[in-house]
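**Student:** Spelled out from the first residue to the last, the chains are:
2 protein chains.
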Amino acid sequence: MLEDLISKIESQMPLSIDAKKHIFAIARERDLKKGSLLIREGNSVNKTFFVTAGCLRSYCLDKNGKEHTLQFAIKNWWISDFIAIYTNELATLTVECLTDSSVIEFNAKELDGIHKLFPEFESFQRHNLERHVVSLHRRILNQMQLTAEERYDLFLEQYPDIEQHTRNYHIASYLGITQQSLSRIRVKKAKN
Amino acid sequence: MLEDLISKIESQMPLSIDAKKHIFAIARERDLKKGSLLIREGNSVNKTFFVTAGCLRSYCLDKNGKEHTLQFAIKNWWISDFIAIYTNELATLTVECLTDSSVIEFNAKELDGIHKLFPEFESFQRHNLERHVVSLHRRILNQMQLTAEERYDLFLEQYPDIEQHTRNYHIASYLGITQQSLSRIRVKKAKN
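Protein chains in written order, with this note's numbering: chain A, 1 to 192; chain B, 1 to 192.
Calculated from the structure, these hints are not laboratory results.
Hints may be right or wrong, so weigh each one.
Copies of the same chain are indistinguishable here, so a pair counts whether it falls within one copy or spans any two.
[As the list claims (entries may be wrong)] Below, simulated SDA-like cross-link-like pairs (lysine to any residue); rule was C-alpha separation at most 25 Å, straight line: (1) Lys-75 x Glu-130; (2) Lys-63 x Lys-189; (3) Lys-47 x Leu-141; (4) Lys-21 x Lys-109; (5) Lys-63 x Leu-154; (6) Lys-66 x Leu-146; (7) Lys-191 x Phe-155; (8) Lys-63 x Ile-185.
Computed from a predicted structure; not experimentally measured.
Pulled out of the complex, with its shape left as it was, chain A reads as follows (with noise of 0.2 Å):
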């Protein structure tokens, strides 16, 4: 529901009553089927999502078919295609609902026009941006100098509640390695 980003945001900052209005007005809730598409990869962008209920992922397909997962994303998650969403270009992503899902839908234009009505959003936004390269820069430190059982470990630590709603595969893709690995991290693990 609405009043889920409404919380989030005020969790971070006061918001105004104008502030609340335009969130209200631009803002549209949506009940999802497990599966349906959000983004699809090659198509223009011009949403962004805001989940408040499910898990949905973003992913890219290689020249081979094989899927790559960017991101997962459950309550009080943004999810879209950034990359399409900064440069105006196509998307090279494709977004989906891992389970019957809620998100409340911004064209993101509109989401950006509001930093230019409510000057507060700037330092906000700028805040939420810095926090989310932490957590890039973390993931390719991570990827590149832990083993696959150790980059296991950490997405379920870092996303407990994900594991869940997911398959095998989604999970393998987000790690970079094959279904077959993730399968004996998992039979070793249960073994300890």
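Following the hints, complete the assembly by docking chain B onto the known chain A.
**Tutor:** This is chain B only, laid out in the frame that chain A set:
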């Protein structure tokens, strides 16, 4: 020189005389010898650097002592340990000069304070962070879906000026491959 930074900012936004004076007041120009370390893993980090000449890199060491390069920086790029800066934690990265280099050094807190003093920097920095997020998303996707040879080609295309300053193991540790693999790729390319 400091003028390089001013030009770079002015290519994106108008800069008031007061803002320019403030940047001059908080900036410190430094000339550094090849091999100098600007940030050391495990230490506290309170500096951010804008490169005006030379080539630097940030890297971490894994538990086996192997280096992994997160970033290179040449003229007009910023470098620091942004994980440490944005989270207030100790450095997980080391930043070293790969060549004799010149940088503009800022105290990170003073630099951050510019957003409060001159709010026009909010939107400027938000857009910089958006572009940075795009490049990190692309790097993660490329690391997952491209072959080592494709990643090397992309590296040469995106950073044509870096190879001349770096050694084999710097680039290999950025691409996430062994030096032997990089050598094989180079031999193969030289034959074609």
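**Student:** Treating 25 Å as the Cα threshold, decide for Lys-191 and Phe-155: within, between, both or neither.
**Tutor:** Within. Shortest intra-copy distance 19 Å satisfies the 25 Å Cα cut-off; inter-copy 42 Å does not.
**Student:** Evaluate Lys-75 and Glu-130 at a C-alpha cut-off of 25 Å and name the case that applies: within, between, both or neither.
**Tutor:** Both: 20 Å inside a copy, 23 Å across copies.
**Student:** When no copy is named, should Lys-66 and Leu-146 be tagged within, between, both, or neither for a Cα gap of at most 25 Å?
**Tutor:** Answer is both; intra-copy 23 Å and inter-copy 11 Å each pass.
**Student:** Which holds for Lys-63 with Leu-154 at a C-alpha limit of 25 Å: within a copy, between copies, both or neither?
**Tutor:** The answer is between: 16 Å across copies meets 25 Å, while 29 Å in one copy does not.
**Student:** Could you figure out if Lys-63 and Ile-185 sit no more than 25 Å apart (CA to CA) within one copy, between two copies, both or neither?
**Tutor:** Classified as between; 20 Å across copies, 27 Å inside a copy.
**Student:** Checking Lys-47 and Leu-141: alpha-carbon separation at most 25 Å within a copy, between copies, both or neither?
**Tutor:** between (30 Å within a copy, 21 Å between copies)
**Student:** Is it within, between, both, or neither for Lys-21 and Lys-109, if the alpha carbons may be no more than 25 Å apart?
**Tutor:** Classified as within: same-chain Cα gap 17 Å, cross-chain 34 Å, threshold 25 Å.
**Student:** Please sort Lys-63 with Lys-189 into within, between, both or neither, judging by C-alpha distance up to 25 Å.
**Tutor:** between (33 Å within a copy, 21 Å between copies)
Violated hints: none; the structure is consistent with every hint.
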